[in-house]
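Student: If you want the building blocks of each chain, they are given just below.
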Amino acid sequence: MSLSHLAPLLCLSLLSATACAETAIVLNSVDENVSFIDTRTYKETGRAPACKEPHHLMATPDDSSVIVACAISNELVFFDPRTGKEQKRIKNISDPYQLGFSPDNKWFVANSLRLDRVDLYKAADFSLVARIPAAKTPSHMAFDKASRFVFITLQDSNEVLAIDLKTREAAWKLPVGPTPAGIHMTPDDKHLLVGIMGANYVEVIDWRARKTVKKIITDKATHNFLPKGDGRHVFVSNRSVKGSISLVDMQTLTEIEKYDVPGGPDDMEIRADGKELWATARFARKVQVVNLDQKKLSHSIPVGRSPHGVSFISHAPRL
Amino acid sequence: MQFVTDLFVSAQGRLFDSLVQPVLFALGLGGFVEMGFEGIEFVLLGLIELAIAYTLMRPLEAWWPAERWAQRRAVRVDVIYTVLNRLGVVPLAVFALLAPVFLGVDGWLRFHDIIPRQLEDWLPALDYHPLASFLIYLVILDFAEYWRHRLSHTFRWWWALHGIHHSQRQMSFWTDSRNHLLDDLIAGVWFASLSLLIGVPPGQFIGLLIVLRLVENLSHANTRLSFGRLGDHLVVGPRYHRWHHALDLPAEPRFACGCNFAILLPVWDLLFGTLYLAPQLPPTGIHETTTQEINARDDFWAQQKLGLVLLWRALGTRAGKQPSA
Chain A
1 MSLSHLAPLL CLSLLSATAC AETAIVLNSV DENVSFIDTR TYKETGRAPA
51 CKEPHHLMAT PDDSSVIVAC AISNELVFFD PRTGKEQKRI KNISDPYQLG
101 FSPDNKWFVA NSLRLDRVDL YKAADFSLVA RIPAAKTPSH MAFDKASRFV
151 FITLQDSNEV LAIDLKTREA AWKLPVGPTP AGIHMTPDDK HLLVGIMGAN
201 YVEVIDWRAR KTVKKIITDK ATHNFLPKGD GRHVFVSNRS VKGSISLVDM
251 QTLTEIEKYD VPGGPDDMEI RADGKELWAT ARFARKVQVV NLDQKKLSHS
301 IPVGRSPHGV SFISHAPRL
Chain B
1 MQFVTDLFVS AQGRLFDSLV QPVLFALGLG GFVEMGFEGI EFVLLGLIEL
51 AIAYTLMRPL EAWWPAERWA QRRAVRVDVI YTVLNRLGVV PLAVFALLAP
101 VFLGVDGWLR FHDIIPRQLE DWLPALDYHP LASFLIYLVI LDFAEYWRHR
151 LSHTFRWWWA LHGIHHSQRQ MSFWTDSRNH LLDDLIAGVW FASLSLLIGV
201 PPGQFIGLLI VLRLVENLSH ANTRLSFGRL GDHLVVGPRY HRWHHALDLP
251 AEPRFACGCN FAILLPVWDL LFGTLYLAPQ LPPTGIHETT TQEINARDDF
301 WAQQKLGLVL LWRALGTRAG KQPSA
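If you're matching them up, the sequences are chains A and B in order. Its first residue numbered 1, the first sequence is counted upward by one per residue in full-length UniProt numbering. Its first residue numbered 1, the second sequence is counted upward by one per residue in full-length UniProt numbering.
Next comes chain B alone, as it looks inside the complex (with noise of 0.2 Å):
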């Protein structure tokens, strides 16, 4: 194990000497030299994870597949955005969004001796405790995750973006990171703001977002791969984000805007009336209403563009509810 530790060390360690501190020097940007080594072990892991999820995800794929496809160019472009996104360049963006808003916010804060309450200062014993700690933000911030999800698909606005996601037809592991990099920036700031509000320990905050992206790729993986009747509601797995990606719900108003929006814990739907389970595994997709639409079904620039002309028209109407699919 720590012949492991020094090998993924001294990459971290290479990287860091060759490639981020000389920038960050040179730019002036000498502070952030321990976040940039932290940024790398970010991107390290990333890259990690992907490796663990393709080589446990793929198989699955392949043998126990939920469609059997022709061909699979279809989703290439997926893969295209997963590397952005393990990359860093999304996580970078957002970073630069928002450090100095709550830099400047919380120094005002602070030099006016007001320090925001977190979690530990309601429950001490946490302190000693890392792990039940990790697990209570882990809920914390799944429960902001299906309300953010579940207001992608409420405002038409929103949904103009989010919709990018909806439109693979081929839904495979990689398609948890098919999203409009506009919708990916305003994820990432609601995840990272939730995050620094309730005191989150840039420590775990790695760790959290790992574990959410790994039952992410699991969640989109094509596969019949079922937990069972009570599995599928204690956790999202591949069936039940399945049914969230169908191409056609049942007509009932309380799926008007969709189904199944958690992402690790499917209680949040089942507490707000927006879980739907069957026995048969949907097609996945959205009706396109243009060529352009299904123009963009597996083009990346072209999905990009798509996303802001949707999203401009959609401001230009009067917002509304959002009828998925």
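Chain A on its own, in the form it takes in the complex (with noise of 0.2 Å):
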């Protein structure tokens, strides 16, 4: 276990997650730039330059950093997810849009969305491996456990696209519903979550049998995903202006419960104590956050404009 992951266990030991002060990092796509919010104050304290038009952020595997997409810089910002501070940029990443480690930490992928188009890098050293033509507009990812395969949804063509790791090459493509946008493999590895963002639901798929076995009914324009950190329940961001975010059930496929959650919520986090959902409200320039034990929103944190993803240390196991 690395440092990082003792700092938020000592701090929850001591106190309370939500009582240890630290940085949330969160990322403003039209503004160009970081804000940072006192996970204890609710405020946000600072922004950072970026680059030009960031799309997506996410931790590297080991938490030691928070890295950036930025689709027309061409390159990668890295941030440090205690301070803020920026610690490297990687050029000549083209146009990145949404980013993925696979399980094993052998690879990067980059989609492309603007230009249809899916890079495989390895992770050691973020060098470029293939190039896969993946039209049209790929945009999330998952992978299966064994990281021999990388599911991509292709939003404009409705279908998701199976990439097998071991031979760098397209192996299948499955129709789903209209406009798909988030991924999500369960922890059995038996399906992947597809949410449907054109639709009200989430797609359920056996990616081994290659076909569609379920859709489970959320609310206008489903978007993304988060694990809730217990290896059962995945939380489920419906990004329409009225807003919500559901939690789904992976065992029973089912959807549990939801909370209104306006202004467009889209990327998630969840605290290391399971009690708070942060979100990223994409159409409200707002960071929205919801009590779980209260299940209602309990902090509207105003940020950058088209604010695309947010991140913090101490968060739960990504299960």
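Don't read these hints as lab results, they were simulated from the structure. Note that the structure is predicted; figures quoted are calculated from it, not measured. C-beta: ideal position from N, C-alpha, C; glycine also. Misleading hints may appear alongside valid ones.
Said to hold, decoys possible - Pairwise CB distance ranges (calculated):
id, chain 1, residue 1, chain 2, residue 2, range
1, B, P282, A, A48, 47 to 53 Å
2, A, K88, B, L27, 54 to 60 Å
3, B, L97, A, K296, 44 to 50 Å
Combine the two chains into a complex, taking the hints into account.
Tutor: Take a look at the structure:
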């Protein structure tokens, strides 16, 4: 276990996660910067320039950095999740939109939504290995447990594309509902959950059989996923202006709870103690905080334009 | 301030949710959802910019006019152009034209591992100083706008369209948008192409456009306002631009195609020998030669038709230099 994992645990054991001050990093896509939020006071404490048209951020697997994908300036910007300080920039990462590390930490995958392409890099040094055509508009991604496949939603051709990481070639495509966005692998490695943004449901795919097995109705503009950390539940953001977040049981494949989260909830993050869910509200220039005990919105934190990703170090496990 | 932001965002969200997103999904254009949301912001900011222009410049025109007019009927057609422009009709057409071309070219380049260099690659410090990069982009785009404008006076076919902008004899802040739709389209493609080529980030693009639009609104205003001898050489103002629209210019060869082509910075006219300033406030317009041209002065559709007719004629003759006015 790395030191970065010890810090939140220590914090948990001494007090409670919500009492420990730390920095949440929020990506403001249109303003091209990141906001820093004190998670104890729920106030924005500052901003730092990021890059041109940043879309999505993600923590590295060891939580030592938060990576921002810069679509127009063709680079990755690394921030220290504790201090918010910029660590480094990696140039010539062409048009990265959505990012992901394979579970075996061998692959770093970048989707180029604008240019219909998926790039495979070595995770160790971010050197390009393969460039795979992926029309139309590759959006989000998920991996199988064995890190054999990466599954990509193709937003404008209404498909899921499977890329074989061994052969580094497209393996198959499967038609799904209109405008698929987020995609998530269930902990048992059996099903892919796909957020159908052009409708109001999660499409459940048996990826080995390559067929849809169920549709879980959630709410308008079903968009993205974040596991709760208990190995059983996953949050689903429904990105309409009215907005909501659903909680789906991945064993029964049913929606069990729903919270009103206005402003187009998109990417999410959950506190280590599981008490708070944070979500960037794309259409409201805010980060919305849901108190999961009370099951309602507790804080709305103004940030920049089109916030597209939130991360903090003491998050729940990605189970 | 947060209240104003919330109000703005709420309007943007409602328009997006009820109008734009359903249409995009119905057309299978889900990939443009985020762009659609930003497009609404573009339109709303355009309307706010227009409201600011009206609030600041209409009183100037009323209290301190360059010319007093018995009636303002001739201004009405310019209002139509402005509304069309601010509602995003022309920008949308430019986007529809440019997006497939640029995405195709850019996609091919990137797939072959060719990443076009951008301003920040030469000056990495700009990554951390967005205001500085904004100002540099502004200067580059203003320079390009000088040449677009000058060429629209130089080529006979282009002047056939651009002459519509100059046919207004009651020039006001509304006249800024009085352009033949095809001329507007060409200008939009020029501006957007260069912005994409030099890597202007989308977040700054709207800001750059708004700054230039506000300056252009003011420079067309019917007012005696002057920035003084020095100021008029630093930023384009109403007196400076009025000479660009003058019915008559001194008979010097360097003004054969017009003068004062700069949009924001007069330095381009200074550098390229096209600056002319005099203390008077000249009457504006062009010397029409046909009844059709005179009848089109105040009529939107007549102007659109006239522009196309003149363009057709110009293309049918050998292109040469076009004497202005």
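Student: A separate judgement is required for each hint: does it hold in the structure or not?
Tutor: To see whether the hints hold, each was checked on the structure:
1. P282/B - A48/A: 47 to 53 Å: holds, 51 Å
2. K88/A - L27/B: 54 to 60 Å: With a Cβ separation near 41 Å, K88/A and L27/B fall outside 54 to 60 Å, so the hint is violated.
3. L97/B - K296/A: 44 to 50 Å: holds, 47 Å
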